[in-house]
Every structure is written in C-alpha cells, then in structure tokens.
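J.: Residues per chain are reported as follows:
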Amino acid sequence: AQSVAQPEDQVNVAEGNPLTVKCTYSVSGNPYLFWYVQYPNRGLQFLLKYITGDNLVKGSYGFEAEFNKSQTSFHLKKPSALVSDSALYFCAVRTRGSTLGRLYFGRGTQLTVWP
Amino acid sequence: GAVVSQHPSRVICKSGTSVKIECRSLDFQATTMFWYRQFPKKSLMLMATSNEGSKATYEQGVEKDKFLINHASLTLSTLTVTSAHPEDSSFYICSASLGRREETQYFGPGTRLLVL
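Going line by line, the protein sequences match chains A and B. Quick note, in the numbering used here, the first sequence goes up one by one and the last residue is 719. Quick note, in the numbering used here, the second sequence goes up one by one and the last residue is 438.
Hints were generated in silico from the structure; no laboratory data involved. Any given hint could turn out to be false.
Pair ranges (Cβ atoms, derived) [stated by the list, open to error]:
no.: 1; chain 1: B; residue 1: L438; chain 2: A; residue 2: G620; range: 40 to 48 Å
no.: 2; chain 1: A; residue 1: R711; chain 2: B; residue 2: K388; range: 23 to 31 Å
no.: 3; chain 1: A; residue 1: S674; chain 2: B; residue 2: G375; range: 36 to 44 Å
no.: 4; chain 1: B; residue 1: S331; chain 2: A; residue 2: G633; range: 31 to 39 Å
no.: 5; chain 1: B; residue 1: G338; chain 2: A; residue 2: S674; range: 51 to 59 Å
no.: 6; chain 1: A; residue 1: Q675; chain 2: B; residue 2: L438; range: 47 to 55 Å
no.: 7; chain 1: B; residue 1: S340; chain 2: A; residue 2: N621; range: 44 to 52 Å
no.: 8; chain 1: A; residue 1: Q714; chain 2: B; residue 2: M367; range: 14 to 22 Å
no.: 9; chain 1: A; residue 1: N672; chain 2: B; residue 2: S337; range: 45 to 53 Å
no.: 10; chain 1: B; residue 1: S376; chain 2: A; residue 2: P622; range: 44 to 52 Å
no.: 11; chain 1: B; residue 1: S376; chain 2: A; residue 2: S684; range: 45 to 53 Å
The beta-carbon is built from N, C-alpha and C at its ideal position, and this holds for glycine as well.
Could you build all of it, start to finish, from the sequences and the hints given here?
T.: Quick look at the structure:
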C-alpha cells in the first residue's frame, strides 16, 4: 500500500530562519514526489516535484526539497522563511506504475512563520 | 500556464436539492481529472478519477449515484451532488493533469458547499 507521512501537524519558525517540513513515504517501486501549498479556502498550488535525476529539487518561492531514497524522505526546505510562507503544506506521492495518476497525500503540516 | 478553475466558488443549498460543480482546465487539455473532498484541517480525500469520454472510477466508499461525475470534454468535468444533505457540506477540489505518468496535477481553487 502507498502512504505518505508528515510527522508534524504544526511547524513554527521565526521570519528569516530556515524552515523544514518533513515527509516520508512508503510505496512499491520508485516514486514521483510532490509538494503542494494551500492557503485558507483555496485550492492547492504546486511547489515542486521529484521525478528523476538530481536529488535536490528547486521549486517556487525559494523552496527546495531533497529526495533521499535510503531514508524514503522528501523534506521541504527554505533557507529563510517569510511570514507569507505561512500556510498548509502537503506532500504527495505517485507511483511510476500508476496509469490513473493517483496521488497519495500526507495529512498536511501547518507552517506558521512569525515576524 | 496550467490553470484550473472551479465554479461556483461557494454554494449554499437546501437539503434534498442537487448541486453541480464545474471544473475547467483553462489553458491545457486534461485527459484526466480528479475530484477531492477536504474536511476542516484534514487532508484531501480522493473521491473519483475521471477520464474524458469514459465513466469515472470511484474510490471505495464513495457513492457513485450520489456524486455524479461527467467528463464530457478535455477541458470540463462536472461533479453533481444529488439530493444533498448537511453531511455533504464540505470543500470540494478538482485537479487536472495531462495524463502522462509523470505529469503534475494542477488544482482548482475549490468549492465550498454548505447544505442547510
């Protein structure tokens, strides 16, 4: 069975500090990995994805994520957090063998950046 | 690019009535569209996957006769909540992809449904 774990419901950081939002996954086979962000009462916005190649993926708004196959992790990072980064973040995985393209989501991590 | 719209953004209806939600891919053709339901402070629950011109594939536990999905064209999918009840009140989000295996899903802004 495919699953995604985001172990932290809430992450709080001060503006200007680095942030990390954790994600681990369990899939059969090699995964496609995604990060999305959701602002209140809005849909999800795509941030970045890992398909193949370089394990460090850079995405929108200065975010990046590192694929670690041995640890089955795909943590989201940003060197310097902004108050506007405060939102709900979702990690998602898709298996390469999936013809329907179904995504499996983590439960989400609420990021709060205080001034 | 890759913009997905939903209409309406918010709807209030009486119990027993039906509500239709539209999902459109504005600048690309979506061979596959997905419908999700999100409860407050919860993750997304996939309801069904629809491919243009064929019947939707529903997830286990989702009533296909209650949540009717039609994917009539490569840019439009609709979700109709039939005989709505207060427990159907939720945030419904659609997404669309080109259907290639590695392709990203792009999400609509969501529709807030309140059934009185």
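J.: All hints, please: hold or fail.
T.: Against the structure, the hints:
no.: 1; hint: L438(B) with G620(A): 40 to 48 Å; result: 46 Å, holds
no.: 2; hint: R711(A) with K388(B): 23 to 31 Å; result: 25 Å, holds
no.: 3; hint: S674(A) with G375(B): 36 to 44 Å; result: 43 Å, holds
no.: 4; hint: S331(B) with G633(A): 31 to 39 Å; result: 38 Å, holds
no.: 5; hint: G338(B) with S674(A): 51 to 59 Å; result: 55 Å, holds
no.: 6; hint: Q675(A) with L438(B): 47 to 55 Å; result: 48 Å, holds
no.: 7; hint: S340(B) with N621(A): 44 to 52 Å; result: 49 Å, holds
no.: 8; hint: Q714(A) with M367(B): 14 to 22 Å; result: 18 Å, holds
no.: 9; hint: N672(A) with S337(B): 45 to 53 Å; result: 49 Å, holds
no.: 10; hint: S376(B) with P622(A): 44 to 52 Å; result: 46 Å, holds
no.: 11; hint: S376(B) with S684(A): 45 to 53 Å; result: 47 Å, holds
Going down the numbered hints, you'll see the structure goes against none, and every one checks out.
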